[in-house]
Amino acid sequence: MERGRWALVEEVFHAASELPAELRAAYLDRACAGDEELRAEIGALLDAVDDTGGRNTLLRQAVSAEAADVVTAGAEGRAIGPYRVIRRLGQGGMGAVYLAHRADDQYQKQVAIKLIRAGFEQRAGLLRRFLNERQILANLEHPNIARLLDGGITDEGQPYLVMELIDGVPLDEFAAARGLDAEARIRLVLGVCEAVRHAHRNMIIHRDLKPSNILVDAEGRVHLLDFGIARISGPGEAGGGATVTAAAERMLTPDYASPEMIRGERITAAADIYALGVVLYELLTLRRPFQAKTASMFEMERAIMTTDPPRPSTVPGSVIAQLNRGRQQDLEAVIGKAMRKEPGERYESADALAADLTRYLNAFPVEARQGNRRYHALKFFERHRAGVLAAAVFLATVTGLAIGMAALARTAARERDAARLERTRAEQVSSFLSSLLAGADPRQARGKALTARDLLDRGADRIGKELGDQPEVRSKLLATMGEAYQHLGLLEQSESLFEQRLALERGVNGPRSAPAMDVLRQVADIQRMRGNYEQARTNLRQALEVQRALHGPDYFQMSHSLNNLALVEQTLGNIPEAVALFREAVRVASLRRGDVETLTMRGNLATALQESGALAQAEQEMRYVLRERTARLGADHPQRARSMVRLGRILFRNGAYAEARALVSEAAPLCARVWGPRHMDTLTARILLAELAAVHGEDSRREFEEVIAVAGETIGADHPDTHAWIAAMLSYRKKPGAADWAACQRALQVMAGRSTGLLARARAAESCAVVALGTGRAGDALGLVEQAEAIRRKAQSAGHPDVVRLVALRAEIEAARGTLDVALKLAAQAVQAERALFSRPHLHLAAHLDLLGRLMDRAGKTGGAGFAAEAAEIRRRAIGGG
Amino acid sequence: METRGTVPPQGGVTELLRRSREGDKQAFDALVPFIHGQLESLASMCLRSSRPDQTLRTTALVNEAYVKLVGAGQDWNDRAHFFAVAARAMRQILCDHARAKKRGKRGGDAVRVTLDEAALISSDATINVLLIDEVLSQLDQFDSRKCRIIELIYFGGLTTGEAAQAIGISEPTLFRDLKLAKAWMLARLRTAPEAGG
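So the protein sequences, as listed, match chains S and C.
Under this note's numbering, the residue at position 560 of the first sequence is numbered 560, and the numbers go up by one with no gaps.
Under this note's numbering, the residue at position 93 of the second sequence is numbered 93, and the numbers go up by one with no gaps.
Quick caveat, the hints were computed from the structure, so don't treat them as lab data.
Please note: incorrect hints may appear among the correct ones.
Said to hold, decoys possible - Here are some of the chain S residues that sit facing chain C, going by a computed Cβ distance under 8 angstroms:
(1) A44
(2) V49
(3) V63
Unchecked claim - Derived list of chain C stretches under chain S, where covered just means 3 residues or more per stretch with a C-beta under 8 angstroms from a C-beta of chain S:
(4) 153 to 166
(5) 169 to 180
For each residue, glycine too, the CB sits at the ideal point set by N, CA and C.
Based on the provided sequences and hints, a complete structural model is requested.
Shown next, in the form of structure tokens:
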């Protein structure tokens, strides 16, 4: 490529990639006007953008696979247990495979040995599971199954499996090499069904069926490899399903994974049926049903869970292209039934699949086609309950006897109409959006943010006017635009659109219908973000109640509602409720094992635990979350950055100052990089760093002011969060002045006027009290402390460190007001409580020992110096230096 | 072919690194084959040594080579530069290996046991190092900085932060470069025919 051209490509690419996906096409149309080649080039580049977070990219895989290959090549003569390697046969994701024979000649035949690459800590569990299952697997004798012969651990501690050596080629290559027709290919799959059926009868699931695991020997006999291996070598205990991450790590591509596998649900024999369907699809079309359009595994997984693959007869180069339409439809029905998204809708056994395939071969009607129609009718019914019901009732009354048949025929026709309608709707949505975009000229917008806001406003205005008579199109548009507003942080507009959508869904589907509840949950979430907690609480409770009634107590989607409700309760200062709700959210979420959102909820739980006073538990929980996030998401992930800041906050509160500072010092630049320098997470990290610097006795005033200034520009100078930070900053002032007093009063006023988290308000009141005391306003200070106490008493127990801190503050106020005896008593009380509270040398304890010492000196009592010395020692141990 | 291996290049590794860092292209070129040899011998030792974990990471190898050749605790600039050289060497090693394998296969490899070979890479989009190498060379022709970034990160095993430092650009710039470079390569890889030998 020519350099000048490349510079243009770079510019347009970056501009486009920063736009929301739905705005890109219109931008590109303008930016590449008349230059089709450029348009195509940028389009291809955008398609290829890797959004997997860089961990499992194809590039990295290819390089590390080759690197592993370099290392394991040339293993001749190496001893693996009692076996000696003849040569290496291959290198796979799980480890290398070697051709070997027994060194002591007890067993003359050559074998295949698979060395399993595993981390150190995985090995013990792996071996145990292997020993448990070895016998079962070894008993799995079938002419179509390659036997597992032996297994053990090498001298270096690496697990290995010894398998029967099969002289054959993978299924797909065999079929291609011999130029097999559709029938011959189906006969091969029948052989695979045989093997799977035998294994299922022995209660063994394969879990990893794919052509490369199915070898065909020179006689055309099928041999399945690796039965049950996925279960042994997958992480987690035997009996459970493979987790999402496990699946992702083990299979570098989820090509053959069933939707439930991707969701991390319990794996049953139905997963093998699904994989058989995929194998059949691939053998007949020469393509996998789901192709990773980009390098993103995530997108592919989503496709597997939510979309239907292209119809086999429509795939170019398909082996079934020359069959007549009826035969094609038969095969499509069989594949469709094997590959249903819902495990319960698939063939109930490998036998049933084989039987239908045999019916096809013998030119009998396949059962799947019957079921197909019923299935689609059901699906259709689910989608259009009211309409179908009306149609059925109508037909029932009119035609009496023939209802069943007629209803089916009718729904089939409707089904086609429905598909057409769906397409029309999608077209309407996209043409509506592009007509909005047509008005904006990106060339003029270059350099500043595209005027997405203006477009949205214009669109929101027009939805009501132009699409009043098309509720479903309107609903979709409202959702799209509501989300767009939400991403832009324009919550008010977002809420208004979602409210409109809610009314629409309630009207169409019923006030307490599942779709209406989904929208209700979204509305509630925006209300929560906007600070309308009471409304959010009411709505979330309603959504939860309906979800529970519809789906039972373990319904996965409920974890979101539970989590959000817990957030609301936490904000409203109902900490015990929040803790209980977070726990329930975590429980429900973790029923679907490996769900990453569980970690988010556990992180929230940690914060609530901290507020409830369960300090050690909170810290432990948050450490776990960070560890898991780091392991799963890699070092540079935004979510990891967030966890680091949260753990930093907890550590700070719990007195682990050095660790907190190290952690947040790492997190702040990471946040700036992954979230952007103006993002609230970045600012939160910086505020925390400033606080940490302040307690270390450093001057962090400038840093505070800088962050607050940025926050003022980003979220608004009168935003409660901005004011919460102002109050925090002021509480660290050594010598506050009149301006500071005015500023923190203003902060408190703003936070009280807008719905802010109650504990945040308590904290601000406390800061204010500190400033009041520092500026000689003991009376005001007392009132403020009482305000803080009132909130905390409801939310927290008397022994909570935050409550104890208020006791000490009250002691200072009492001292300033001259009631020295009361002050002494309170200070002693605080010190005594804090001695028991903190396991680490804590600065609060040091400060309060100092206070107690000072008060004793003032009261003319002896022993004050001892407390001062103790305080100094604690301070030294907590933060070093003076 | 140039000598690869154990005889340190004239002038010593540290000195060559210094010169290379200052922009001496010849010094860079003199280092590559030498470090190549070192990395290869380290890689082959990996199997025999009883290291607890067989997982091979290119970073580990490169690190090991660095400590062996230059010693621990040197100036980061030298280290960053060493990684740049090593990443190039690693790319060569892996490509040589892949080519040798390809030639070997033509000789006939009767027995095929593919336990989970497909797990290597999704097979219809077979992306292998040779393809990557080829596409990378194309990229090098009009944007050598992006080519180096890919080398450093994927072949040298550097983090994005380290790579940014090694090249002397800011990390946000590196991210932008990386995003486009990866997209460009993947777009090419997807349309590329089976790799030529």
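* To do: Classify the hint on S:V49 as holds or violated, based on whether any CB of chain C lies nearer than 8 angstroms to its CB.
  => holds, 5 angstroms
* Residue count check for the segment 169 to 180 of chain C against chain S: does it reach three with CB-CB under 8 angstroms? -> holds (count 6)
* Asked: Taking 8 angstroms as the C-beta cutoff, is the stated coverage of the segment 153 to 166 of chain C by chain S satisfied by three or more residues?
  -> holds (count 4)
* To do: Under 8 angstroms, Cβ to Cβ, is where S:V63 needs to be relative to chain C, so tell me if that hint holds or is violated.
  => holds, 5 angstroms
* Can the hint on S:A44 be confirmed by a CB-to-CB distance to chain C that is less than 8 angstroms? -> With a minimum Cβ separation of about 4 angstroms from chain C (threshold 8 angstroms), the hint on S:A44 holds.
Hint check: no violations occur; every hint is consistent with the structure.
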